[in-house]
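Student: Reassemble the complex: the two chains are provided individually, in unrelated frames, and hints are given to aid placement.
So the protein lines, in turn, are chains A and B.
Quick note, this note's numbering runs 1 ahead of the 1-based positions in the first sequence.
Quick note, this note's numbering runs 11 ahead of the 1-based positions in the second sequence.
These are calculated hints, taken from the structure and not from any lab test.
For glycine and all other residues, C-beta sits at the position ideal for the given N, C-alpha and C.
Just to be clear, a hint being listed does not mean it is correct.
[Stated by the list, open to error] Distance condition first, Cα-Cα at most 27 Å in a straight line; then the derived DSSO-like pairs of lysine-lysine: (1) A:K317 / B:K157; (2) A:K72 / A:K111; (3) B:K105 / A:K72; (4) A:K302 / B:K105; (5) A:K317 / B:K173; (6) A:K38 / B:K50.
[Said to hold, decoys possible] Far from chain B by the CB rule (all over 10 Å, computed), these chain A residues: (7) S21; (8) D51; (9) H60; (10) K83; (11) G104; (12) P108; (13) S152; (14) E264; (15) V269; (16) I307.
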Amino acid sequence: MLDALKPAAEEDRTHNQIISLNATNIANQVKDFVLSKQLMFSKLVGIGTDGAPVMTGKHNGAVKQIIDFQKEAQTNSDPGRKCEAVGVHCAAHRLSLAASQAGDGVPYVKKFKDHLRKLYDFFDNSSVRTAGLRAVQELLDNPKLKLLQPSSTRWLSVGNAVKRLKEIFASVVVILEREAEERDDVIAAGLHHVTTEYKFVATMLLLCDVLPTVKRLSLLFQAQWIDFSSLSKYILDDMNTVDGAYLKTIGEYVHQLSQPGVEIRKVVKRGDTLDHHEVFKTSVQLPFLTQLITNINSRFKDDDVIFPLLSVLDPKNLPNAENLQDHL
Amino acid sequence: MNPRNPCDDESDDPATTDHANIQGTTVTSLQEHGNESIKTICARFGIEIEPTVEEWGDFKQFFSDHQRNLPLREVTHLLCSNETQRRLYPRMSKLAQICCVIPLHTADCERDFSQLNFVKTPLRNRMNERTLDSIIRIVVEGPPIKEFPFIEAVRLWAQRKKRRLKTV
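Chain B on its own, in the form it takes in the complex (with noise of 0.2 Å):
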């Protein structure tokens, strides 16, 4: 698929057709739903194919009876930090952690970038790379100015040599 022009692309791949058995639109049995998509996964992030088709078997049998309204969101959540759901799918819970990973957008890097532009200005171009990596770093990352202590920074600084304060 051309990233620049998908309409031109026509060709049907035919992973694609598979997935209209997970939208349910055709009828497919609890046994076989989802284990095409399962095996092509596994294939792709070098998992176990059959260890994981097995534990994909009760792992469907279990959502589908008791948490068939849990959301994506909490499902990964769950495979991903709860202990027992970890040691009883360790596959499936590999595939979260994989879903919880993959970045599905740039705009963080985006937002860093546009940062920037405000730190690195005219007046201060020849701004030295590690001072401004770490100027953004702390302007997008660090806690808000109303926590910061000045009162101890002034302290630390005062702590570091001997200094002579001129007072007029």
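Pulled out of the complex, with its shape left as it was, chain A reads as follows (with noise of 0.2 Å):
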């Protein structure tokens, strides 16, 4: 561990005083660690980092400090026994940056994150309120859960707390209004205004769809052996449906909100010409949808040294034996 900000005691010289986070200082950092194990630096094949810019900059990023010094120390060896080490974007971040981008690119879907955090802190900052909710869970018999918090930081968060919303969503609404009703809370008030909205439920099925599907393939990421030929395409086919599971019964799951009475406004603009749920679609649902992909493909697309590599080892990717025949 790097501790960058106490100054080393006396007996302790071999560790650094205060030094900033650059760079430099992360690339020294390794190359001493490498040095003083005596290990090989024609050895070094990949370096993994966050993505951080700090890390990955072309000109003065630590992976091309540390490349630096690998070549530095070969430069003894024999032209073609030189090793170069690759520098590799952790998977599970870039899959999640992939994701909270697409959200970010489409304005509704920003806005709906900010909403969703801003209902959890809602209850999360009363519990007066968070004892209104569980009152009214009991009342209408719904499931006995509070909102879940999103977090940046927490990657699958998000999606736990769009299912939770989901789950228990005629509640959050019915004492949202109870709220703004008998104490005039404004928020509460602005609140119930946003969530009654078609899009805000719409949205949330849609997440509720395609979410999981991000979560797997995070976890999958994150696991100790990655495959990445075998389950893109299959998982990115799921993505691909443009209708999930969830939001093709957004009819029925809005019907059985008017039961508590709980209304839906179908809100459309003056003079637009779709309706509600066309504009959900066209504004929201494919916009995200192709984002995503996109984003995951693009970060994701086949490089020059990782890709090979595990490509020639698989035997899957050998021709078929038909081709052999042929040439023969």
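Tutor: Laid out in structure tokens, this is it:
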């Protein structure tokens, strides 16, 4: 561990004093470690990072500097025998970036995430409101569950938060309405207004369809062993289905909400010829899905080292037996 | 390729277009298959190209005839740990080792960083670097608490020096 803030104790001269966490210092620490453990730079084949600019910067990044050390250490080796490490951007980070950037790329999805957070904060800040939610849940015989916290650092949290919201949606809306009326709570009124819009419900169901797939991919990418080729095809197909299982049932879902008295407003702008679902489809669903798939594909497109390495060792990539016959 | 905005990258890297062959979308003979990739990989990692291409030929033949359905994970395991395979395909073994070693994700590091927050809490903020390092190492890598030999630990502690134990 690198303790950048603590000055070195008298007896501890091997560690550096107060240093800033810049690329050069990081690279130097790695170089010192390699040298002190008498490891061979010629055996350094890969460097994994979280993709931050300090690491991956083309001219001054830590990875580039480490590779420079590597080259320096091999100046006396034969030309064909010099090893150059590959800088790898963490697969899980890339996926997370792909998903969050797709969301931020569609204005309403970005807003939706914000609403989600505000909804959580509304209840988290107050035990009275939480108790109120619980009371409503008892009344409506809904699941007695709280909202979950969406966080940008906990990668899979947004998916969990949306799913939970979907499950307790009716009770949340009812309590928001009550708080707004009985306590003149402006925030509750605002939240009630945004959550009862058709677009909100549709986006919620869309994310319930899509995010579990992203979650599955993310967990796969964090495993001991990743085989990119086999998983990418069928998982991306999963996301390609325009109307997922939850979104398909939106009509029924909205209808069921009316029972406890939750009215979903089908807002359409004046002069717009499309109906509310079409508006959702064109302004939210399609842009989000296409952006997500594009992002994932471009971040995981074949590179010229890792992909060939994985490919050549995989027998299923070998040409078919029939082709072999043709060439005999 | 700009890692921040990969969608901005419009150029077509010539190296990647060769991989259409690897995917099997174009018909390639077994002899031709993957040769370019092998050369690129060898050049990058400092492995002798000619002997490796030769070995690759034998490798392809064998796996095409006998082990088409072996998953990647097992192929690398075979090449890394099986003595016979290592002698037969020394350079393919080297590639398999590289394949196993290159990190594809940093999730293990991130988990450790997360653990840091649970160990070095606000009340323990003056913790020594070495103590922190040791504790995290034990939490992350060590055996489960159930396996901790409490009796043994107490005995070792008692043997260290003479202690006067106050008994009330």
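Student: Against each hint, give a clear statement of whether it holds in the structure.
Tutor: Hint check results:
1. A:K317 / B:K157: Since the Cα atoms of K317 of chain A and K157 of chain B sit roughly 44 Å apart, the hinted pair is violated (cutoff 27 Å).
2. A:K72 / A:K111: violated (44 Å)
3. B:K105 / A:K72: holds (20 Å)
4. A:K302 / B:K105: Cα-Cα ~25 Å, so holds.
5. A:K317 / B:K173: violated (67 Å)
6. A:K38 / B:K50: Violated, at about 31 Å.
7. S21: holds (17 Å)
8. D51: violated (5 Å)
9. H60: holds (13 Å)
10. K83: violated (5 Å)
11. G104: holds (15 Å)
12. P108: Label holds. Min Cβ-Cβ 18 Å, cutoff 10 Å.
13. S152: The claim stands: S152 of chain A keeps its Cβ more than 10 Å from every Cβ of chain B (closest is about 12 Å).
14. E264: At about 40 Å from chain B, E264 of chain A clears the 10 Å cut-off, so the statement holds.
15. V269: holds (32 Å)
16. I307: violated (7 Å)
Violation of the numbered hints given earlier is confined to hints 1, 2, 5, 6, 8, 10, 16; the remaining hints are satisfied by the structure.
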